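K.L.:
Based on these hints, arrange chains B, C and D with the ligands on the given structure of chain A.
What follows is each chain in one-letter form.
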Amino acid sequence: MITKAGVKSLTIVQAVNDALRTMLKEREDVILLGEDIGKNGGVFRATEGLLEEFGEERVVDTPLSEAGFTGAAIGMALNGFRPVVEIQFLGFIYPAYEQIMTHAARMRARTRGHFTVPLVIRAPYGAGVRAPEIHSDSTEALFTHMPGIKVVCPASPYDAKGLLIAAIEDPDPVLFLEPMRSYRAFREDVPEGKYTVEIGKGKKRREGDDVTVIAWGAMVPVAMKAAEEAEKKGIYADVIDLRTLYPLDKDLIAESVQKTGRTVIVQEAHATGGLANDVLAVINDTSFFYQKAPVERVTGFDVPVPFFAYEDDYLPTPARVLHAIEKVMNF
Amino acid sequence: MITKAGVKSLTIVQAVNDALRTMLKEREDVILLGEDIGKNGGVFRATEGLLEEFGEERVVDTPLSEAGFTGAAIGMALNGFRPVVEIQFLGFIYPAYEQIMTHAARMRARTRGHFTVPLVIRAPYGAGVRAPEIHSDSTEALFTHMPGIKVVCPASPYDAKGLLIAAIEDPDPVLFLEPMRSYRAFREDVPEGKYTVEIGKGKKRREGDDVTVIAWGAMVPVAMKAAEEAEKKGIYADVIDLRTLYPLDKDLIAESVQKTGRTVIVQEAHATGGLANDVLAVINDTSFFYQKAPVERVTGFDVPVPFFAYEDDYLPTPARVLHAIEKVMNF
Amino acid sequence: MELDFPMVQVLNEEGAIVQPAYREQITKELTMSMYRHLIRTRMVDRKCVSLQRQGRIGTYVPYEGQEACQVGSALALNDGDWMFPTYRDHGAMMTFGRSLTQTLLYWKGRTEGCVPPEGKKIVPPSVPIATQLPHAAGAACAEKWKGTKNAVIVYFGDGATSEGDFHEGLNFASVFHAPVVFFNQNNQYAISVPMTRQMKTKTIAQKALAYDIPGLRIDGNDVFAVYFKTTEALERARNGEGPTLIEAVTWRYGAHTTSDDPSRYRDQEESKKRRETTDPIKRVERFMQREGWWDEEWVNQVQGEVNAEIEQAVAEMERYPKANMSDMFDFVFAQPTWTIAEQKEAYLQWKRGMER
Amino acid sequence: MELDFPMVQVLNEEGAIVQPAYREQITKELTMSMYRHLIRTRMVDRKCVSLQRQGRIGTYVPYEGQEACQVGSALALNDGDWMFPTYRDHGAMMTFGRSLTQTLLYWKGRTEGCVPPEGKKIVPPSVPIATQLPHAAGAACAEKWKGTKNAVIVYFGDGATSEGDFHEGLNFASVFHAPVVFFNQNNQYAISVPMTRQMKTKTIAQKALAYDIPGLRIDGNDVFAVYFKTTEALERARNGEGPTLIEAVTWRYGAHTTSDDPSRYRDQEESKKRRETTDPIKRVERFMQREGWWDEEWVNQVQGEVNAEIEQAVAEMERYPKANMSDMFDFVFAQPTWTIAEQKEAYLQWKRGMER
Ligand SMILES: Cc1ncc(C[n+]2csc(CCOP(=O)(O)OP(=O)(O)O)c2C)c(N)n1
Ligand SMILES: Cc1ncc(C[n+]2csc(CCOP(=O)(O)OP(=O)(O)O)c2C)c(N)n1
Ligand SMILES: [Mg+2]
Ligand SMILES: [Mg+2]
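Residue numbers (UniProt numbering), protein chains in the order written: chain A, 1 to 331; chain B, 1 to 331; chain C, 1 to 356; chain D, 1 to 356.
Derived by calculation from the structure, the hints in this document are not laboratory data.
To spell it out: a stretch of chain D is covered by chain B in this simulated footprint if at least three of its residues, at any positions, have a beta carbon under 8 angstroms from a beta carbon of chain B; those stretches are:
#1 100-114
#2 162-173
#3 189-195
#4 258-265
#5 326-332
#6 338-346
Model, not experiment: these values are computed from the prediction. Ideal Cβ positions, reconstructed from N, Cα and C, are used throughout, including at glycine.
The shape of chain A in the complex, shown without the other chains (with noise of 0.2 angstroms):
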């Protein structure tokens, strides 16, 4: 749907699918791969009408096997290719995991920078979509602790956009994180044609002085909800969205946190060992003395995603952000 000369207005995944349009146009070297990416545009239709566009070599249905082609991928990043390759869900990349962690992330640093791995690894995650079992993690903090690739999370299509052709413009390996259940939520307007939003910078999405909210992906809708919804009752909310995971933001962070002293952060996955608490190491460094109360957290439990009859209670909703966003604020 085209609203004014140059713009779409799009979803998402239609978001994904512009950017990656663009840059197989934009750059020979640009090469797509994963299970049913081509003929089937994929399971959520993110590379549709890209292997009419461009073609078997460019857009390669490979053998299900996610070691093997994210491997074959860095092969083809050593020999001067920007492979983006799709894990169908992000609960199907653990087998690739090796090739990621000590393969992508390392290969830069180990050769002095003679060899180097810019690739690009996308992945739908998260809950909230009624998917089979293992269908719905949001493990990115498995990802952040690996030194030597970026994590980068969008929660709009106008970033989504942007975000991926910076990712396939990084000459580092990137972790583009799609949030499955806002894949289709919503539209928005996009520029036609190439621009990025760089990696390392989050978004403030609405300005407040009472509370910091900070969230990425999934999150920030529920973020927003709930910082409306406080605003009915005269809290105002600095509302964060992070869009890189690593590296974080530190300077948005410490900036709004500093200046409202109160912190609520909104993550779907587990508690323990989550991306949040990256946050409130950054809090801790920067703006320790600023705080009036203990930073709280709204996360997935300490469970394995739960079945989706069980989803419901596991991701945090705005009522549970509300809460905590009192919480601080009665502290």
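P.N.:
Just chains B, C and D with the ligands, lined up with the frame of chain A:
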């Protein structure tokens, strides 16, 4: 070396061997699997003599396939055995990540306790022994974020034996991390026969009212050394050896931090996403207003564990810890 | 290579027995039992698809067309054997004893669907592809070390052969002579990816050569070939002769899951054609007709019984107690850690507060 | 199966050419060049073992006994080809152009050892077993898509065949007809685990049948068999005929690494015996003697040259600038993240403070 009746003076690796022998004797369902654990007695000799004593069906040299033998061990655990698998070095566990993450850790939850996986995964970890590259990872945090598995990490021979026996008796999967660098570094009196150290309980290794120093595994001796140095400067430290990394001993941490108000956490792993941040979260949640200074974290850096020529600069040292202790004291 | 692994048939498309050796074992009783299971599994599958369309269960994975694979192999098992299925093998699971209600609960996103009936060693379906193969190898070793005569069957698709776990599972089992049958349902597609894109080989059976174990290619739409060849492989396993790889060539008529649209990647005319020619149920019908065993009334009766069973199971599923959110916390460890206990308590308290 | 994959020999243990087809290509020049590389790699290996014993380098992985595999295959490469070695393949790397100094630096725990000479596509050794096979498949696809005539060689051991990545790499390469040679050095042990415990098959070559690619079993101690068969496989690759699996049967005389004690798991008499009978260098000597090409003086000269080269490299390694700790921070990303920049700065500052 027998020091008194019923007690032997053992190194950590000998204590591990003793625990395995004890449990192979004690329980028929215990079985060991791994690469080179039989005839060779393990590359660190942790399983020395066990093949000879218990035979090929209980001490099983497997093909070189971490996913294969860990997966097979899951099948054996489902079918009544208590397998103890050895991953030769923690840096080689990643091929088995999928098996641990999706199956070992989730089976009980998926089946409402009908099927369970009483599996122990042993892995030497850490840097400091001039090992070839990739042999020195200390990525415990990749497992503490995995709901359904406990993570244990002894720092001393007594604890190594007692915790390993507790892990084998535990009805759920346990990752048992062995500090390679401390394997033969010192001896301690270890009782003969069976005893356990409770999983989930840390241990105070030194008492002091000024500052809390928290460490685990190979960092415990580093923390102890720093505490000794601090004492010479009139600073008295509580040194906590976490021993279990999931679940953390919240009460022990809170009690000490509430007493001292100042905390230093010593972690070998990369700063971002490390276990220190979980400790930070425990402090935030339990002891926020007791804190007199921001928590100091002394950690490995956000870089792949370097080749050994650089490892002395990567690893936290007593001097770095002492510096952090002084920093929190002078805040 | 294809020539070295000819496709074994016992009952051909026309419903004729082409392997006289098995003639005597194919009694009326056996045939009727098979037929009953075949139509039962098909009827359940169709019901599930329609339940999904009505929003009464979640995303569903249909197996229509693959009934002979699942029924024939499951009937070959002994009660004490183990079954390691995938998400598509509830036909096999039901044939081996899992109740319809449990099947439905699973697709409704309920963990109750993962609990097998007492004494039945049916492990919950493996969702990550091929990861169950090492488990099967290990469970089989355990039976061997215990000295039982139990065997293990593990199911997987053509796509699964590309994963490392396929290889590691078969290699492990072959080294330890584990009593396990690796039962491949080669439906020729992994979602949209045809077998030609999945592997260079024309058969899956030949992959057995990499492990020095027998590999066998059978007509997966021939319930007798499946039944007898699986029985023989299980016998080998029980006798200490180690694992077997069976490739059962078949076809799914419908979509990969109810979220999939097969017309995007293949001509559905092929499915239509196959329904007429190679259908696993039709050929048993043809055989029964040839033998004079066909009894319209009996068939109607069976259908009626299965319908009643299905209706009852659907009713049971729908009046099943609401999912209990506590379950999510209570089964992670034998004893909940403080983290889980605290999180549960805090959540329950907050929820109670919200409800007030 | 073993019979289907007979061990190919060109030069037998007695130093006689047993495949006349290659007779003409085995010139004096080629033979002398091979011989030179063989003794060079052996001398370097022995020197490294002794450097390790003296504590001048770290844990070292010796390859003595496997020189024919490494030299023969590396000499078969073109300059533009890719090499994906393991930790044991510095013989191959040096033969293909990596300097001795770099080799030594690697074993001294220095990243400088991972940087290949300008223009040479030698990827650093893969330490996690078998993980380099998918890379090789991918790099080969990339050459194909670029339309070059470059090929790829990837090394791995017998133990590596058990890992999933072995399977995934071969399958990927076979599906895409990638120009890659999978070169297996079957030294019959993975640390302490003998081949019989690693796999049920008696050959590794037969695993090629699982991918419908040529599989070939050769005498890995016969430098000519290795050289010609690798050349042919590379030719196939360049001509678009896809991957080949080569099993080169060999033996490591010594320990797995300098931290290993082989007497714990095998009789070292076997190594002694093999030194006399199947040694890759001795048989070339015998051949040269038969041909009348043996020239004591030339051999002494070569040894002298290699010794000088080694001494120079050792000296270079030892006066190499001290490891610069900044390197650890500076090469993680093209542009350091603030986390790394801050950590580096803080550490440097503290260290400067300490030094004051
Ligand atoms: C490790 C992993 N990767 C990807 C998926 C997503 N996925 C589910 S089914 C499927 C295709 C499986 O094909 P096949 O093995 O032939 O079995 P079939 O579905 O045809 O029965 C894929 C790719 C998954 N479940 N697990
Ligand atoms: C994934 C992984 N697991 C374990 C190890 C430890 N390890 C190093 S070498 C080796 C044996 C390899 O045997 P093989 O493949 O035959 O090669 P060889 O050493 O004989 O050349 C093992 C187990 C490793 N490096 N990587
Ligand atoms: Mg299939
Ligand atoms: Mg070997």
